[in-house]
Each structure stands twice: as C-alpha cells, then as structure tokens.
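Spelled out, the chains give:
2 protein chains.
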Amino acid sequence: MNYLKKLVTGIFCLIFSAASAQDHPGIMMTKKNVAELRKGIATYPLLKKSYEEVKRNADYALSQPILVPVPKDAGGGFTHEQHKKNYSNILNCGVAYQISGEQKYADYVKTILLSYAAQYEKWPVHPKAKPGHQAGKMFWQSLNDFVWQVYTIQGYDMAFDGIAPADRKQIETHLFLPILKYFTVDCATTFNLIHNHGTWDIAAVGMTGYVLNKPEYVNMAIKGSKLDGKTGYLAQVDQLFSPDGYYTEGPYYQRYALLPFVIFAKAINNYQPALKIFQYRNQLLSKAINTSLQLTYTDGTFFPINDAIKDKTYQSAELVYGVDIAYADIKAQPQLLDIAQRQGEVIVSDAGLKIAADLAAGKMKSFNYQPQWIGDGASGTEGGLGILRYGDNQDQQCLLFKAASQGMGHGHFDRLNILYYDNNTEIFPDYGAARFLNIESKKGGDYLPENKTWAKQTVAHNTLVVDQTSNFKANAELAQEQHPEQLFFKNTKDIQAASATENHAYPGVKMTRTSALVNIEGLDKPLLIDLFQVNAAQNHQYDLPFWYKGQLVASSFKINAVKNNLQALGTNYGYQHLWLNAEENVAASGGYVTLLNNKRFYTTHFTTDADIKVKLVSLGANDPELNLVESKAFILSQPQAQNQLFFTITEVHGRTNPVNETVVGAANQVSGLKIISADEQQVAVSFKVKDKTYQYTINYKDKNKSVQLN
Amino acid sequence: MNYLKKLVTGIFCLIFSAASAQDHPGIMMTKKNVAELRKGIATYPLLKKSYEEVKRNADYALSQPILVPVPKDAGGGFTHEQHKKNYSNILNCGVAYQISGEQKYADYVKTILLSYAAQYEKWPVHPKAKPGHQAGKMFWQSLNDFVWQVYTIQGYDMAFDGIAPADRKQIETHLFLPILKYFTVDCATTFNLIHNHGTWDIAAVGMTGYVLNKPEYVNMAIKGSKLDGKTGYLAQVDQLFSPDGYYTEGPYYQRYALLPFVIFAKAINNYQPALKIFQYRNQLLSKAINTSLQLTYTDGTFFPINDAIKDKTYQSAELVYGVDIAYADIKAQPQLLDIAQRQGEVIVSDAGLKIAADLAAGKMKSFNYQPQWIGDGASGTEGGLGILRYGDNQDQQCLLFKAASQGMGHGHFDRLNILYYDNNTEIFPDYGAARFLNIESKKGGDYLPENKTWAKQTVAHNTLVVDQTSNFKANAELAQEQHPEQLFFKNTKDIQAASATENHAYPGVKMTRTSALVNIEGLDKPLLIDLFQVNAAQNHQYDLPFWYKGQLVASSFKINAVKNNLQALGTNYGYQHLWLNAEENVAASGGYVTLLNNKRFYTTHFTTDADIKVKLVSLGANDPELNLVESKAFILSQPQAQNQLFFTITEVHGRTNPVNETVVGAANQVSGLKIISADEQQVAVSFKVKDKTYQYTINYKDKNKSVQLN
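Just so you know, the protein sequences line up as chains A and B, in that order. By the count of this note's numbering, the first sequence reaches residue 710 at its end, each step adding exactly one. By the count of this note's numbering, the second sequence reaches residue 710 at its end, each step adding exactly one.
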C-alpha cells in the first residue's frame, strides 16, 4: 500500500466540514465560483454555446407538462424514456437556475421532485424487471435508477437555495432518503459488487450523502456497507482498473463505468480535499480517462471490442465530464483541450470554465495518440491491448491487437483478435454488439439473441477459429479464468509490433500471433505484417477470417461465387449465420485479395505452409428476424493440419477519385511472400517490394531481437 | 428561329479578327487579364488556394520524368492513365507559366508536346479499341482523345509565348494538325453525331482552330462538316438539350456533356463576341448549368438515374468550369457563389478571378434549390423529371420523380421511378450504374455485364414491374420511341406533387403514378404520399419495389426470413440477381415497415385493393464475380390482378442518438390508410394522423384540382 493509499484509508472516516456540506451547489459547480462562471459564459465561446444548449433544453422542459408516470415500460418504452428525460430536465434546470438566477427553473426542480416524492414510496419494484438483472423502481434495472439519482442529485444541489425548506424536507424525506435506503439495503448486493453497476450505486449514494449532509452514507460509499474497505469506492478503483487505467470490460463499458468514478471523485475532492482522491493509486483516474481516449480511433469512435455500440465516440457525455475534470482538477494537459474542442461542449461547471478559458487563450495542443501496450487485470499482467499507430490525426493507420482477458459477461471469444483502421475508416472491423440500442421493436432495445449466437463467437472476429468452434467453446466462466500472455511490444520509428500467445482457448492448441506495422523505404504507408502461428499435436481445421469493409475488386485466383441455393457454412458457433458465397482452392504459395474502401485500395497478400481454401462469406443465414447487419469476410481456411503459419501482408495503395474520375496505384507493390522457417523459438519469412527482398524475423525468446527486418 | 439564332447563323462564317487570334492565351485566361489575375491570386483566398494546387501539380510534373508511352492499355491501364496525367500536366504547367512567368513551365509543355509530335503520326489506331466504340489513337476510344485535346490545347495556348516558333511549328505540324485531321476525317461520323462524343470532338476541333488561327476548322465545328448547320455545335445545342436545359441522358452525363459546350462557348465568345453565343436559344447554356445544379441533392451528388457513378458531385471539374463561366460570363447570380465556395476551387482564369473577388466581397447568397418540373426532349414535351423539395439546404427532404424519356443508350428501364432523400442521405436510392470506374480488374473499369443484367432492369428501381419483366422487355430501341406523359406538377406551400402516366412500357398496361410531399399540421416533416395505379384488361403480376438504405427495425407483420438454402427470386430481367430472404402475406388492409437510417426512422405504410405479399430481397444471386454492391428492398407484390392501386405513405419520425444513447419518436404517427375510390378520373384515399382523418384526392382530368387534401 503506497503512501496516498494509506492516507486515504486512514482519513476517509473524518467527517467533512459542516460548512462545506451546507454550501450549495457543491459538486460540478461550486457556490464560490458561480460569479466567475457567469462571467465566463459571457466571454468564452465554447462555454457560451454549452450553456445556451443547457438553457434551451431547460426552457423546453418548462414549456412542457411535467410527467412523472408510474413506471411500466422496459428500456426504450415511454415511461423509461420519460424518466430519463426527467433527470436531464432536472439537471438542466438546476444549471439554468444557478446561472440565470431565475426562480422559474428552481420551481421546476421543486415541482417535479415533489411529484416524485408523492409517488416514489408507493411504487413497487419495476413490473418489467430485465431478466437476469436486479430491478429498479423507476426503471427495469436498478442501474438506471442509480444513473437517475447521480444526475438528479446534482440538479437538486443546484436548485437547493431556490426551494423552500419545507419542500426540501418533503423531497428529502419521501424521495431521497427512501432512494438511499433502496440503493443500500434492497440493492445491497449490487452496492457491494465490484462491478460498474456497483460504481453507479455507490456514486449515487455518496453524492446524495454529501448533498444531504449524511456522512454515514458517504462513508459506506467509500468503504463499503461494512466499512471494512473490502467493497466500496476505493476497492473498486483498486480492482476494476489495471495499473494502465484499463477497465476489463473494454472501451465501450470503460467509458460508461468511468463517469460515476470521476464525478464522485470530484464530489469527494470538493467536500474532503484532504483525501487527495485524484492522487489515489498513482493518479489512476487520470490514467483511466487518458486510456479511454487512447482507446479511440482518430474519428473519435471507441475500439468496439466486446459488447459495444459502434457509433459511440468520445463526444459522449461521460467523456465530456472526464476530460473536463481531468484537465481542471487533475492535470492541465494542453492536448485535452483538443478533445474538448472536438467534443464541442463543456460541462457548465467550474471545470468547463477552465477548459473554455484556456481554449480561448490558445493553449490547445493536438491530441497525441501514442502507440502503446495497455495491460489488463488489477496488476496489469493479465494480457492486454496493443495499439499500433502511424500517421497524424488526419490520416492515421491504426491496429488494435486484442490479447486482453475475457472482460466478464460482456466479453467476446476473440483471443488474439485484430482491428485495422486507415484513412479515417474501418478496414478490418469488429462487429461490436448485436443490438439496436433502445429500439423497442428490437427486443426492447436490449442485446439481441444474435449477440450470443453471432457477435460473441470467435468467427465474428479477425482471429483464428479451430474446428469451427469458438474459444473455450463459448463458455464465459472458463474463459474468465484464462488470459493470453503478452510476448512483447515494440515501438520504434519503423517497426511497431505486438505479440501474444494463447494456449487455453482450444485444448491442445497453442496460438501465437505477432502483428506489426512496418515502414518500408519507398512505400507511402507502412505494411501490416501479420503472422499467426498455430501448433497442435492433433489435426485440426484452422480458419482465419478477415472481416472487411468496402468491395472486393481483385484477387489472384478466379472467384466463382455460388449462383443459387446459397448455403449456411455451418450449424453452430456463429457459422450457422454465414452464407458461403464462394470457396476457392489456393496453393500454399499463396495469393492476394484487393479491397476498395473509401477510395483507397487494400491488398492482403497471404501465404501458408500448405494449400488452403479461401472462403468468401457474408452474414445473414439463420437470421429469421433480420437482426444482423451486413458484413463480409474472406477466410483463409486450412481443412486439416497440426501446425500452420498464416503469413499475411496487407498493403495500402493508390486511390480513386470518383469526382475527377481518376485512379492511381491500383496495382499492388508487394510480392513473393515466403515462409523460411517457423518453430517455437523463431519465425522467419521474406517478401519483395519493388524487386527488393526483405527478410522479416520474429524472435519469441529474445525480447531484444523481437522483430527484425533486413 | 428567333432573332439571336438568326444572328448567329448569319454571322458564324465571319472570320474572327486576326489580332485576337494571335493573342495568347485566349480561352479561359486572356492576355489582357493576366496582370489582374496575378494580383487576384495574391489577394483572394479561393483563387490563391486554387492556384497553389495548380502550381503544386505543375511542380510535381516537373519533378517527374516525362513519359509519352506508345498507347497500349484499356481504360484504367498504365498508358491510359499516363496520357490522362499528361494533359493535366500540360494544362497545369500552362497556367503556372502565365502566372509565375517562369520559363521552366513553358519548357515542360514544349518538351512533352515535341515528344508527342515525334510519335503521334506513327501511332496506329489504339490496339485495344473499346468494343462498340470508335477507337482513338492515344486511348481506347476516340472520346478520350477529344478530351485530351480540349485540355491540351488550352495548355499550349497558355505556354505559346514561351515556346520558340520553330518548336511551335513542329508541334502544330506533327501533332495538332494531324489531330485535327483525325478528329474531322477519320472520326467524321462522330464529328457529325448529335451526341456528347460529338460535342467533345467539335469543341476540340473548334478550340484548336482558334488557337492555331485556322478559321476553317472553327467554322466546321460550329456548323458541321458540310457547313450546313445540320450538325455541329449549334445543331447540338438545339437538339441535345430540352428548353429547360436538360440533357436526355441524365444528370451524370449532362455534367460530362456540358463541359465541351461551355468551354467552347467561352472560346467563341472571346474570339467572336458578336456571335453572342451565351444568348443563343434563350441563354440555353446558362439554363443547362443551372439545371445541372438543380439535379443534385443537398450533399452535392447528382441524382444517379440512368448509368451514373454515384459518388459524382458538383465538385467535379466540369461544374467548376460551368459555375465559373455561368457567373462570370453569363449572369452573376450570387447563389452560384455558394456552389463555388462548396466546390472549394475555381479555375485559375478570368472567370475564377471574378468568382473569387466577389466571394471575398461577401456577395454570396445561399444556393436556392427549387421544386420544379424539368421537361425532357428538344421541345420539352417528352416527359421529364419532377423534383420535390422541402426544408433548407442543411436538412432537406427531396423526391425525384422520373418520367423522362429513355435517354439513349445509357438509359434505364425505369419509367415512373422515384428516388427519395432526407437528412443528407439516400432513403430510397437508385442503384446507378454497375461499374467500378477505371478499376482495371473490374472489366477494365468499364460497365460490368451486370449493368445490363441488373442495373438497367426495371426491378432495380423504385417503380412497378409487371410480370417479372422489364419495361419494353429491356429493348432500348423500342423504349427510345416512347416517353411518359406528364399529367401535372404542383408546387404550393403545403403540397408538392408530380404525376405522370406511361402506357407503352408494358403492352396493354396503363400505369399512372402521383407522388407528393404533403405538409400535415402537427408533423415536423412532410409525408411522402405515393399512389401507383395500374390498369389492364388481363391479369398480371405487379411488383412495386422500394430499395432502401439502413436497417429494417420493425414491421406490422411477422418476418420469418429464410434460414438456409437461399433462392434467387427469378431467372431473368434482374430477378435472377435477387435473393428472396422472406415472403409474407399481408391483407389488403395493409401494414407497414420501419427503417432506421442515419439515426432517423422512416415508416412506409401501405394498403392496396387486394391481399398482397411483401417480399424482402437482397442483391447478389447469380453474381459469380461478386460485381454487385449490397442492396436491399421490400417489394409490395400482387400475384395476380387486372387493376391495382398501391397507396403508400412514408413518414419520417423520431431519431436515435447513439452517443447520448437516447431514442425519441420511434413510434409512427400515421394510421388507417384506406382506398375510397379509384378510377381513371380520380383517386380518393384517406388516412389518419394523431386521430384526425385526412382525405387525399387526385384529379387527373382537372389540373386545377390536381391534388387536394381535406
């Protein structure tokens, strides 16, 4: 336990000063800063725009009847969406009250909260509890209730001075105290869970404790129900993040999980600055925010590994909070201003004021995407993610190498998966989750059945499938027990490489992958060189899919696609969802396929140590409700072998300009891929670029020689 | 023949003044303006940027070896692309010479043209002549040779004063004069063709005639080989455009066809201003440029009817020339400056100077997209296009109603087709052409076989298919003889509607379609109300496809998609390319399907006067080389009937915000579609919006009552 950890653990139980507890507001916006904030809104464009948006929404709320319906509908349904709107309205009106000083906004908060207070205690648990989840009272799962309270308590805190004491008493007695009881007693299991639902619960309880001046709730939130530190906020910070600030469920859930951590930390820091919460665990929260940003491509989207909604970007509210607080309260890194500017908004708050002022003062620097290895697991040794990047933020080649642990229930069975990006678009994508978020006609907006039958399965990813089954036969419990081992990560001017091995996903099969971006003199863009080595004592079928975007426009072999009677490729582990459009034999000497995507060409050359088949597949078989989204892949398929090396090089070349009707560089430049040797110590291959032969060697045993190009 | 026409016809044969003919440059850039232009480049941002781009390209050309290869390759191949690059280089270096005054640029033009002059006469016709087209000498079709010369002669004109007379003599004697001979004698048929290939030929010859001071060639270009005015430039202006400035092949080819018209007109206007060529046929060229712009959606893409490359926008070079000249030489409409600004460049020329100066002076007005009917045919009475639009240029709903004539060889069999746009994206798209432009691995970059078997066929469009065949059984000659008849076009504040009838496409079948955008009180966006009425004495199968983008997320009927053994829907007329994913029975009372596209919902409600099937199809059967691009449709299908009315309403509703994870308005608001009566005089239907019933009546016989909503 380091010094800060001791400090925090030692003094957490100090009661925070009554003075600060009675000052409202006291979380994102603090009473002493309100005058400055008002001035800032008049002065700084980004803050002005952000406040105008808040005020527009607050004014719209005021123009509408207040609706507090008896909870009835599942996610996406009317009462669900209405209660979500209500917490936004409460928050917006709270902000508008502080900034404008107009009583009507405080009155709105008062009236709607009195309406909740008049009903809340009568509501039973939600009648449409989400299967497998703890029900809330307002929403189908308690998680949404926690989120509601995290936002609502801030709105209340801001409207506090504008609500008469008698009304406040009514609201606190019949709404917030019963909520605190529900969250800590009825939901005690969740409250003490080391899991993001638990984080939201704790943050709601702790923040409410501060605002209502109930230190016992704050203490429970920080140290767990039993006040023994085995659960609660600090235990969560210790266990849910790796030392690199990675949250094991993956970037989509990291973003979501992060908000209650960050916002509750901000509250702790305001009310109990002596705890130095932002310093806790070597500034873990700062790392986690930065890691969240590093886990995006240059278009702002999070790498959609595991269950993930693909449109999600760092413009989501959680990262606006994260970036504002990271900059204002932890460390004022000028590159965060770049992200804030791209987010196009700040929280109307003390932190937002600082961001907007510094942006206006021209302090911004371009956000610096860094090639890096991000370790997974509480100690950072349970595999991890390799991120390779070349090029500036306008036109960047990026490879995500996934050798992380399973990531709990939202994890996918995709050991040693890669995602490849270029030119601000996906080249080899990940399907993400099978879900139409919040669209009620699609299974209530929840995960679709195809999330299990398709999206989580190994073949849905750009990684090896053995015998047409998934890693761990798609058993999440087994998968959770094992993680890949990182072999090395290299980051030099001309070679970036990640290497890892996974020996548990398929019994008796050892898989090792090394993916690299390699600069070659005379080529505009680095090559993606990928070596997937598999060793087994028995014969197996090995399928290596490359899911791709764009159109397949050329190949070294003739394609004779199935003309009619299209068949599913298999019956299980996702194969039942694949249409087999074509199947062609290719000699071990290999071949290539060329894709056209977003006006650039991508040629994947491949060679292996035995003849293979190339299978062209598309998604959609056994999908009676048309839940699956169009997707296409070419699969390098070895019907039967013990050891196999898949050596591929993907090169970016040329471009089309449909407006000017020009095409350049349609011909690829790499050729002559050869496997020289491959064993458990070392792999050596060669290839040609413009008649020059290069030898590329991977040394698994000597990290100093990990990857070499001669 | 109007006055101007007489004027032009009377004086065309006047020899232009020797003085102006000997001034170089004299086309897009004129000698007397060069000093002003240089100043403008230093002053106006858009002109500066445009020149910098030209100079960068010129400097790059200078840094590379000059290659004038013996013509050998088809479209997209090396020699093809090299000769295309060469004409760009010649033009860029010509401009750079005039602006910078640096001799090196003129030297480049001299050297490369001397290299052409040393070889041109030895080259035979191109060895890989494009089948069915007249071969060029440099390129696989003479068309490309004409284009080469249109650009090259401008570059030569600009470098003229920097090339020694002896070298000029060499170039003119051994390159340009042989080219003139090839274009007018060997290509005489094309030269006298009323067709866009002919226009390019004529423009090349006429412009070369001016620059070389060979009036005999200018005269031939203007009045045809026989100087009788039956062919040549004026005859082409008369016959290729409708009075509304529509070019019968459609917007994609209109854009392409327009450039030689416009640039040659500019040359004529410079050398023979007395001809008042821009006034010819009631300012036809100005109308044609404006109509080209009106034939785009707000994202700048041309409506991709007939053979069309879908990425094409008004940023293409042809429209940059068109807009610059239209503004500078015909009429300085401030809204053209908006387009110029979106084009992001101007031609470094007299016209570009004026545009850039006026933009800098703040004279721009927003481009005004106008709902309108555009007549087709030389007299404007051979059907046409209806364009309906609501909303501003940031978020516009737009419907293209295609009731034009066949449009020659590039026409599609899509009588009464509709294309529907909203929210800056396609909702019901047109496939466009089946072609990977200039990508040699895809049939040399030319039209694919599937352009005939799929893209041109009726079922590839959003219009009625009778008995699973195409209009005119896909016979282009028959189709060329007939055109639809416009019934009416209405453009009022709350109703925009287009109506037309087509009685020849299927023997014995009368088809009438009326499509409207209709504002309803209480709805944010207009409804698309579409009535497709078909009458026949015999029983037929009637299929009405709606090709859609996005995902199908809800329907009034249960979908049970085929799980395995997917079958092609038919054997001919494009049906052989359709996979039948699902087929559901729906009662005559109707139903709906809901699409999610670009974060908005679109629900198409339908009802008919008999039970129908809804077929869900996707593209890709019988496509052995994977030439087809993913596409999906729902088809309203009546297996057997004589008369049938398809009544559909498509409503836009709600939105999703995946970043904030919110969904609003997922439920549709229209219901209760009913057909009240339908005969050849009138159709009356009704529907409900939010419990209010509306009656919608179409009166075919009384134009004053054409469409009414009560």
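Just so you know, the hints here were simulated from the structure itself, not pulled from any lab data. Note that the structure is a prediction, hence the values are computed from the model and not measured. Warning: the hint list may mix true and false statements.
Below, simulated DMTMM-like cross-link-like pairs (lysine to aspartate or glutamate); rule was C-alpha separation at most 25 Å, straight line [claimed, not checked]: (1) Lys-615/B - Asp-392/A; (2) Lys-599/A - Asp-73/B; (3) Lys-49/A - Glu-53/B; (4) Lys-363/A - Asp-311/A; (5) Lys-549/B - Glu-630/A; (6) Lys-443/A - Glu-36/B; (7) Lys-599/A - Asp-609/B; (8) Lys-128/B - Asp-73/A; (9) Lys-599/B - Glu-661/A; (10) Lys-130/A - Asp-299/B; (11) Lys-169/A - Asp-238/A; (12) Lys-310/B - Glu-630/B; (13) Lys-549/A - Asp-299/B; (14) Lys-510/B - Glu-625/B; (15) Lys-55/A - Asp-73/B; (16) Lys-85/B - Asp-524/A; (17) Lys-632/B - Asp-329/A; (18) Lys-599/B - Glu-121/A; (19) Lys-85/A - Glu-625/B; (20) Lys-85/B - Glu-630/A; (21) Lys-55/A - Glu-625/B; (22) Lys-632/A - Asp-395/B; (23) Lys-48/B - Glu-81/B; (24) Lys-525/B - Asp-524/A; (25) Lys-690/B - Glu-584/B; (26) Lys-599/B - Asp-299/A; (27) Lys-452/B - Glu-121/A; (28) Lys-599/A - Glu-53/B; (29) Lys-493/B - Glu-521/B; (30) Lys-563/B - Asp-524/A; (31) Lys-599/A - Asp-299/B; (32) Lys-49/A - Asp-395/A; (33) Lys-55/B - Glu-661/A; (34) Lys-49/A - Asp-73/B; (35) Lys-310/B - Asp-329/A; (36) Lys-563/A - Asp-392/B; (37) Lys-558/A - Glu-630/B.
Now the hints, each set against the structure:
{"no.": "1", "hint": "Lys-615/B - Asp-392/A", "in the structure": "violated, 47 Å"}
{"no.": "2", "hint": "Lys-599/A - Asp-73/B", "in the structure": "holds, 22 Å"}
{"no.": "3", "hint": "Lys-49/A - Glu-53/B", "in the structure": "violated, 36 Å"}
{"no.": "4", "hint": "Lys-363/A - Asp-311/A", "in the structure": "violated, 30 Å"}
{"no.": "5", "hint": "Lys-549/B - Glu-630/A", "in the structure": "holds, 11 Å"}
{"no.": "6", "hint": "Lys-443/A - Glu-36/B", "in the structure": "violated, 67 Å"}
{"no.": "7", "hint": "Lys-599/A - Asp-609/B", "in the structure": "violated, 47 Å"}
{"no.": "8", "hint": "Lys-128/B - Asp-73/A", "in the structure": "violated, 68 Å"}
{"no.": "9", "hint": "Lys-599/B - Glu-661/A", "in the structure": "violated, 31 Å"}
{"no.": "10", "hint": "Lys-130/A - Asp-299/B", "in the structure": "violated, 42 Å"}
{"no.": "11", "hint": "Lys-169/A - Asp-238/A", "in the structure": "violated, 37 Å"}
{"no.": "12", "hint": "Lys-310/B - Glu-630/B", "in the structure": "holds, 14 Å"}
{"no.": "13", "hint": "Lys-549/A - Asp-299/B", "in the structure": "holds, 23 Å"}
{"no.": "14", "hint": "Lys-510/B - Glu-625/B", "in the structure": "violated, 38 Å"}
{"no.": "15", "hint": "Lys-55/A - Asp-73/B", "in the structure": "violated, 64 Å"}
{"no.": "16", "hint": "Lys-85/B - Asp-524/A", "in the structure": "holds, 20 Å"}
{"no.": "17", "hint": "Lys-632/B - Asp-329/A", "in the structure": "violated, 51 Å"}
{"no.": "18", "hint": "Lys-599/B - Glu-121/A", "in the structure": "violated, 37 Å"}
{"no.": "19", "hint": "Lys-85/A - Glu-625/B", "in the structure": "violated, 51 Å"}
{"no.": "20", "hint": "Lys-85/B - Glu-630/A", "in the structure": "violated, 38 Å"}
{"no.": "21", "hint": "Lys-55/A - Glu-625/B", "in the structure": "violated, 57 Å"}
{"no.": "22", "hint": "Lys-632/A - Asp-395/B", "in the structure": "violated, 32 Å"}
{"no.": "23", "hint": "Lys-48/B - Glu-81/B", "in the structure": "violated, 28 Å"}
{"no.": "24", "hint": "Lys-525/B - Asp-524/A", "in the structure": "violated, 48 Å"}
{"no.": "25", "hint": "Lys-690/B - Glu-584/B", "in the structure": "violated, 28 Å"}
{"no.": "26", "hint": "Lys-599/B - Asp-299/A", "in the structure": "holds, 18 Å"}
{"no.": "27", "hint": "Lys-452/B - Glu-121/A", "in the structure": "violated, 69 Å"}
{"no.": "28", "hint": "Lys-599/A - Glu-53/B", "in the structure": "holds, 20 Å"}
{"no.": "29", "hint": "Lys-493/B - Glu-521/B", "in the structure": "holds, 12 Å"}
{"no.": "30", "hint": "Lys-563/B - Asp-524/A", "in the structure": "violated, 45 Å"}
{"no.": "31", "hint": "Lys-599/A - Asp-299/B", "in the structure": "holds, 18 Å"}
{"no.": "32", "hint": "Lys-49/A - Asp-395/A", "in the structure": "violated, 29 Å"}
{"no.": "33", "hint": "Lys-55/B - Glu-661/A", "in the structure": "holds, 21 Å"}
{"no.": "34", "hint": "Lys-49/A - Asp-73/B", "in the structure": "violated, 57 Å"}
{"no.": "35", "hint": "Lys-310/B - Asp-329/A", "in the structure": "violated, 50 Å"}
{"no.": "36", "hint": "Lys-563/A - Asp-392/B", "in the structure": "violated, 45 Å"}
{"no.": "37", "hint": "Lys-558/A - Glu-630/B", "in the structure": "holds, 21 Å"}
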